[in-house]
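Chemist: Spelled out from the first residue to the last, the chains are:
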Amino acid sequence: AQSVTQLDSHVSVSEGTPVLLRCNYSSSYSPSLFWYVQHPNKGLQLLLKYTSAATLVKGINGFEAEFKKSETSFHLTKPSAHMSDAAEYFCVVSEEGFQKLVFGTGTRLLVSP
Amino acid sequence: DAGVIQSPRHEVTEMGQEVTLRCKPISGHNSLFWYRQTMMRGLELLIYFNNNVPIDDSGMPEDRFSAKMPNASFSTLKIQPSEPRDSAVYFCASSPDPGQGETQYFGPGTRLLVL
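Protein chains in written order, with my numbering: chain A, 1 to 113; chain B, 1001 to 1115.
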């Protein structure tokens, strides 16, 4: 079965500094991978997705992620954090041939002034 | 586009009562999903439909939970009878087509509290 592991439950950064949210996946095939963001008391919004095209994926709000098959990783990065980036971020894998999504446990990003 | 619409946004009920959550997917989307989010278990897929037909309900916790999709623009998730452990945020999501890699669009969720 497919799974994702988000290595940090909380990440704290200062505004203007880089963001790195780590995700490792487990899959027996070529997976589709997603990052979703959830702001407090809101639904989930897609940041970006990888579906076997370019390994470096650019998303909304300046976020990007790189698919590294050799490391089974799909880390999310942003060069400069903004206060509005404070939220919970979920790394997600899609099961082969299906839309069934398997969510990681989430990483809460805290941004301080 | 209005996005996925869920109602009610908040529900407080007493143990033993029936609860019905409603979802209107994005027009033209063929797949619909119900998720539950709790602190203990995170986000879990309960059931998903494709073209109004339930495809996978293996995530439905027990017989107290049921879901229907009578047409392409409406779905319900029912809990009868409700229990305190059902307290959670329930999300509905829809997507345009079946298949791996399709983006799912989430509604704002229904926050359920069972006393």
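Be aware that a few hints might be false.
To be verified - Listed below are the simulated EDC-like cross-link pairs for lysine to aspartate or glutamate, each with C-alpha atoms no more than 16 Å apart in a straight line: (1) A/K100 to B/E1062; (2) B/K1078 to B/D1057; (3) A/K100 to B/D1056; (4) A/K49 to B/D1057; (5) B/K1078 to B/E1062; (6) A/K49 to A/E64; (7) A/K100 to B/E1011; (8) A/K100 to B/E1102; (9) A/K42 to A/D85; (10) A/K100 to A/D85; (11) A/K49 to B/E1062; (12) A/K49 to A/E15; (13) B/K1068 to B/E1014.
Said to hold, decoys possible - Far from chain B, by Cβ distances over 12 Å, these chain A residues were calculated: (14) H10; (15) V13; (16) P31; (17) S32; (18) T51; (19) T55; (20) E66; (21) K69; (22) A86; (23) E95; (24) L110.
Said to hold, decoys possible - Listed below are several chain B residues computed to face chain A (Cβ distance under 10 Å; list not exhaustive): (25) S1007; (26) G1059; (27) A1067; (28) S1087; (29) V1089; (30) A1093; (31) Q1104.
Simulated from the structure, these hints should not be mistaken for lab results.
No experiment lies behind these values; they were computed from the predicted model shown.
The C-beta atom is built at its ideal place from N, Cα and C for all residues, glycine as well.
Chemist: It remains to establish, for every hint, whether it holds in the given structure.
Modeler: Verification of the supplied hints:
1. A/K100 to B/E1062: Distance ~19 Å between A/K100 and B/E1062 Cα, so the pair is violated.
2. B/K1078 to B/D1057: holds, 14 Å
3. A/K100 to B/D1056: At roughly 9 Å apart (the allowed maximum being 16 Å), B/D1056 and A/K100 satisfy the hint.
4. A/K49 to B/D1057: violated, 25 Å
5. B/K1078 to B/E1062: holds, 12 Å
6. A/K49 to A/E64: Distance of about 9 Å is within 16 Å: holds.
7. A/K100 to B/E1011: Since the Cα atoms of A/K100 and B/E1011 sit roughly 27 Å apart, the hinted pair is violated (cutoff 16 Å).
8. A/K100 to B/E1102: holds, 10 Å
9. A/K42 to A/D85: Distance of about 14 Å is within 16 Å: holds.
10. A/K100 to A/D85: This hinted pair is violated, its Cα atoms lying about 27 Å apart.
11. A/K49 to B/E1062: Violated - the C-alpha atoms of B/E1062 and A/K49 are around 33 Å apart, more than 16 Å.
12. A/K49 to A/E15: Between A/K49 and A/E15 the Cα gap is close to 25 Å, so the pair fails against 16 Å, i.e. violated.
13. B/K1068 to B/E1014: It is violated: about 23 Å lies between the C-alpha atoms, which goes past 16 Å.
14. H10: holds, 14 Å
15. V13: Holds: least Cβ distance 23 Å, greater than 12 Å.
16. P31: violated, 8 Å
17. S32: violated, 4 Å
18. T51: Per Cβ check, A/T51 is inside 12 Å of chain B; nearest 4 Å; violated.
19. T55: Since the minimum Cβ distance to chain B is about 15 Å, A/T55 lies beyond 12 Å and the statement holds.
20. E66: Holds: least Cβ distance 17 Å, greater than 12 Å.
21. K69: holds, 16 Å
22. A86: At about 19 Å from chain B, A/A86 clears the 12 Å cut-off, so the statement holds.
23. E95: violated, 7 Å
24. L110: holds, 18 Å
25. S1007: violated, 13 Å
26. G1059: holds, 9 Å
27. A1067: violated, 15 Å
28. S1087: Violated - the Cβ of B/S1087 stays beyond 10 Å from chain A, reaching only about 15 Å at its closest.
29. V1089: B/V1089 check passes; min Cβ-Cβ to chain A is 9 Å, inside 10 Å.
30. A1093: holds, 8 Å
31. Q1104: holds, 7 Å
Violation of the numbered hints given earlier is confined to hints 1, 4, 7, 10, 11, 12, 13, 16, 17, 18, 23, 25, 27, 28; the remaining hints are satisfied by the structure.
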